[in-house]
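Could you put together the complete structure from these sequences and hints?
Numbering of the sequence shown is given in UniProt numbering, commencing with residue 1 and proceeding in unit increments.
A hint or two may mislead.
Here are the simulated BS3-like cross-link-like pairs (lysine-lysine), alpha carbons at most 27 Å apart as the crow flies [unchecked claim]: (1) 284 / 359; (2) 284 / 259; (3) 154 / 259.
Using C-beta positions, here's what the derived DEER-type ranges look like [unchecked claim]: (4) 314 / 166: 29 to 37 Å; (5) 229 / 364: 36 to 44 Å; (6) 229 / 339: 39 to 47 Å.
Hints were generated in silico from the structure; no laboratory data involved. Keep in mind the model is a prediction, meaning the values are calculated, not measured. From the three backbone atoms N, C-alpha and C, an ideal C-beta is built for every residue, glycine too.
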Amino acid sequence: MKLPLIRLLWPGLGPAAGPADAAPEPAKPSLPAAWLLLHALFCATSMAVGFRFSRLIVYLLFLPTPPINPAAHLVSLVSPPAVVLAGANATAMATITTTTTTTTTVTTTTTLAAEIGAHPQPQQQHHHHGPVFVGRHPIRVRSWPHPDPTELLKAHRILAAVQNAQRSTKHRGAGPARPVIAVTPTTTSALQVPSLTSLAHTLRLVDAQLVWIVVEPGHRTDAVAAVLSHSNLDFLHITGPGDSTASLRLHALREIRTKRMDGIVVFADENSILRTELFDEAQKVTTVGALPVGILGEDDGTSESFLQAPSCDAEGNLVGYRVSEETVLPANRSDMLMSSRLEWAGFVVNARALWEDTKERPVWVRDLSAIDDADARAASPLALVTDAGRVEPLASCAQAALAWSLRSDSLHDVKFPHE
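Here you go:
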């Protein structure tokens, strides 16, 4: 069976040997013509397949990305916008043509018609979102997640509130945040409004209920009242006796005691720059706590820059206070600590410890009525306690400033222009 087939495809083979008297075979078709026809068929198939494959390779490797007009392509993907017509009867027609590939051209024609004064008939709009071609790969554009953008914004606000609550809980612990009472004594100067404005922006970032107590000497000024009214904060604008910031600060603390305000008292002076982490650490205080404060500026004409912070031992217990770059005073030397220049921004107080006749005020916290405003030691935050060793060191006695205090007498000498 195989030999006759080979004979048909190969013309050089002769007939098989047989007897001499065998009958002659019938005439066969031309063998070279059949072979050429079959060969031509296979060649044509190979050329077609090879051309298609080589064209694909060249397209993927060498052809550049077809240029697409971003504006026209974006307009073709969204619904046609509303058109305001100025005439009595007007019709606007826009034709947008975009090319997505080298071989396909998509033309979108949008016709907008409106009649001024006429009542348009409600029509159902069909929004078709085609693919967006980034390079050579199409990306499916899904429909708008919610048809009402107001509801979508509400959802985003809820997510933002949850994220802020999670960040706050991570910093201060799992308990709810206690209210914050920020005390700011202020006097009239050229830097009063800029300083209060900066403090207002800082206090607005606090993730807790906050009341801002601003104390002025003599009478309330319009400049301070304007800053407080634009701060969007709950504030208490009061006046106190005396012109010194120490007496104004003590007057604010007595106001807290009189109104029995509850929360954490933070001292936000005009010359202070507070970090938001300070308010998170303040939530951990039980009675009176100390925080690290960076000192920047001049003292008696000498430039200085150091960290004023509580000093702790290996177990984290308070042993003293760093009052300068090279000086650490022990906690049992209250006389030396009272005479040193400690910043109020580095101390926080539980408001309940200031109340009169309360069980939550320990015996080592001095009664505000026993503090003399005229005494020079009233300017120190340790005037609130009788034992400086009982103050709680916060921020794990870290050597990172949570606030900065600017010391420069020249800042208070700045005057407004005469006009």
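(request) Would you pick out the hints that fail for this structure and give their numbers low to high? (result) Result: hint 3 breaks, nothing else.
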